[in-house]
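Visitor: Chain residues, written in single-letter form:
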Amino acid sequence: EDQVTQSPEALRLQEGESSSLNCSYTVSGLRGLFWYRQDPGKGPEFLFTLYSAGEEKEKERLKATLTKKESFLHITAPKPEDSATYLCAVRGGGADGLTFGKGTHLIIQP
Amino acid sequence: DSGVTQTPKHLITATGQRVTLRCSPRSGDLSVYWYQQSLDQGLQFLIQYYNGEERAKGNILERFSAQQFPDLHSELNLSSLELGDSALYFCASSVAGGANEKLFFGSGTQLSVL
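Read top to bottom, the protein sequences are chains A and B. The first sequence runs 1 to 110 under our numbering. The second sequence runs 111 to 224 under our numbering.
The hints are simulated quantities; they were obtained by calculation from the structure and are not laboratory data. Here the structure is a predicted model, which means the values were calculated and not measured. Any given hint could be a false lead.
Residues of chain B placed beyond 12 Å of chain A at every Cβ, according to the derived structure [what the hints assert, rightly or not]:
#1 Ala-124
#2 Gln-147
#3 Ile-157
#4 Glu-185
#5 Ala-202
#6 Gly-208
#7 Ala-209
#8 Asn-210
#9 Leu-213
#10 Gly-218
#11 Leu-224
Each computed DSS-like pair below joins lysine-lysine, with the alpha-carbon atoms no more than 27 Å apart [what the hints assert, rightly or not]:
#12 B:Lys-167 with B:Lys-119
#13 A:Lys-57 with A:Lys-79
#14 A:Lys-102 with B:Lys-119
#15 A:Lys-68 with B:Lys-119
#16 B:Lys-119 with A:Lys-63
#17 B:Lys-167 with A:Lys-57
#18 B:Lys-167 with A:Lys-79
#19 B:Lys-167 with A:Lys-42
#20 A:Lys-42 with A:Lys-68
#21 A:Lys-79 with A:Lys-42
#22 A:Lys-42 with B:Lys-212
#23 A:Lys-79 with A:Lys-68
#24 B:Lys-119 with A:Lys-69
#25 A:Lys-63 with B:Lys-167
#26 A:Lys-102 with A:Lys-79
#27 B:Lys-212 with A:Lys-57
#28 A:Lys-59 with A:Lys-69
#29 A:Lys-59 with B:Lys-119
#30 B:Lys-212 with A:Lys-59
#31 A:Lys-68 with A:Lys-57
If you anchor each label on the Cβ, the simulated ranges turn out as follows [unchecked claim]:
#32 A:Glu-9 with B:Ser-189: 46 to 54 Å
#33 B:Asn-210 with A:Ile-107: 41 to 49 Å
#34 A:Glu-81 with B:Gly-208: 13 to 21 Å
#35 B:Asp-181 with A:Arg-12: 42 to 50 Å
Ideal placement from N, C-alpha and C gives every residue a C-beta, glycine not left out.
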């Protein structure tokens with residue numbers, strides 16, 4: 001059974017204070033690792049897909065990296081508008097649908 | 111705006127009742143997914159349809175059923191409702207339903223079972 005564990009559950013940062021969110025996973029035959037952002041009262045919004053260890057992707061202040069056991073979402077010099085819940089999900093070879101972690105609730109204080 | 115429309119936004123009902131949630135996918139998307147989000151379980155995959163046919167099944171209870179119609183909209187039917195069914199139900203769509211396609215989520219239907 002595919003499993004995804006995200007840490008920390010919640011993170012409060014000052015504006016401009018860089019940090020990283022962790023996503024640890026166990027999966028049979030990784031077909032893709034996904035990061036989504038979810039704002040209150042809205043559905044998740046796609047950020048990145050990573051396919052193999054060593055891969056990195058960037059978008060504005062966010063950079064996602066992947067190893068064989070975990071993924072990191074690095075946030076550089078965050079702004080208050082980056083406040084959201086960040087969800088990690090995997091698609092394994094034997095599973096139907098995505099398996100999501102419970103998310104990291106990120107708050108950026110001005 | 112993701113382009114995925116879900117109705118209603120909120121639904122309050124009683125135990126034992128039946129409800130129907132509706133989803134219209136993004137224009138051009140052939141695949142629809144249903145997910146359930148609760149505080150303790152997180153986002154759980156329920157079921158996927160592609161062009162009217164069931165493609166994949168996740169943790170969907172036997173009391174729940176879904177279908178996708180010829181115009182590609184989808185409905186999720188929840189029956190014999192229990193308190194524990196209270197959750198946020200999301201619909202998502204993708205172009206062709208491939209394993210690594212990004213999903214576009216609607217804003218969800220908040221179901222409260224009293």
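Visitor: Taking the hints in turn, state whether each one holds.
Guide: Hint-by-hint comparison with the structure:
1. Ala-124: holds (24 Å)
2. Gln-147: violated (9 Å)
3. Ile-157: It is violated; Ile-157 (chain B) is separated from chain A by about 8 Å at its closest Cβ, not greater than 12 Å.
4. Glu-185: At about 18 Å from chain A, Glu-185 (chain B) clears the 12 Å cut-off, so the statement holds.
5. Ala-202: At roughly 7 Å from the nearest Cβ of chain A, Ala-202 (chain B) sits no farther out than 12 Å, so the non-interface label is violated.
6. Gly-208: violated (10 Å)
7. Ala-209: violated (5 Å)
8. Asn-210: Non-interface label fails for Asn-210 (chain B): nearest chain A Cβ at 4 Å, not farther than 12 Å.
9. Leu-213: violated (7 Å)
10. Gly-218: violated (6 Å)
11. Leu-224: Its Cβ never comes within 12 Å of chain A, the nearest being 21 Å, so this holds.
12. B:Lys-167 with B:Lys-119: Holds: Lys-167 (chain B) and Lys-119 (chain B) sit about 24 Å apart, inside 27 Å.
13. A:Lys-57 with A:Lys-79: Distance of about 19 Å is within 27 Å: holds.
14. A:Lys-102 with B:Lys-119: Distance ~22 Å between Lys-102 (chain A) and Lys-119 (chain B) Cα, so the pair holds.
15. A:Lys-68 with B:Lys-119: violated (39 Å)
16. B:Lys-119 with A:Lys-63: Roughly 33 Å between the alpha carbons, so the hint for Lys-119 (chain B) and Lys-63 (chain A) is violated.
17. B:Lys-167 with A:Lys-57: Cα-Cα ~30 Å, so violated.
18. B:Lys-167 with A:Lys-79: Violated, because 39 Å separates the two Cα atoms, which is more than 27 Å.
19. B:Lys-167 with A:Lys-42: holds (24 Å)
20. A:Lys-42 with A:Lys-68: violated (31 Å)
21. A:Lys-79 with A:Lys-42: The hint holds at about 20 Å.
22. A:Lys-42 with B:Lys-212: holds (17 Å)
23. A:Lys-79 with A:Lys-68: violated (30 Å)
24. B:Lys-119 with A:Lys-69: violated (37 Å)
25. A:Lys-63 with B:Lys-167: Given pair Lys-63 (chain A), Lys-167 (chain B) is violated - Cα atoms ~32 Å apart, limit 27 Å.
26. A:Lys-102 with A:Lys-79: Since the Cα atoms of Lys-102 (chain A) and Lys-79 (chain A) sit roughly 23 Å apart, the hinted pair holds (cutoff 27 Å).
27. B:Lys-212 with A:Lys-57: holds (15 Å)
28. A:Lys-59 with A:Lys-69: Between Lys-59 (chain A) and Lys-69 (chain A) the Cα gap is close to 22 Å, so the pair holds against 27 Å.
29. A:Lys-59 with B:Lys-119: violated (31 Å)
30. B:Lys-212 with A:Lys-59: Roughly 16 Å separates the two Cα atoms, so the pair holds.
31. A:Lys-68 with A:Lys-57: holds (16 Å)
32. A:Glu-9 with B:Ser-189: 46 to 54 Å: violated (34 Å)
33. B:Asn-210 with A:Ile-107: 41 to 49 Å: Violated, since Asn-210 (chain B) and Ile-107 (chain A) (Cβ atoms, about 31 Å apart) do not stay within the stated range.
34. A:Glu-81 with B:Gly-208: 13 to 21 Å: violated (31 Å)
35. B:Asp-181 with A:Arg-12: 42 to 50 Å: Holds, at about 45 Å.
In this structure, the earlier hints numbered 2, 3, 5, 6, 7, 8, 9, 10, 15, 16, 17, 18, 20, 23, 24, 25, 29, 32, 33 and 34 are contradicted, and the remaining ones agree with it.
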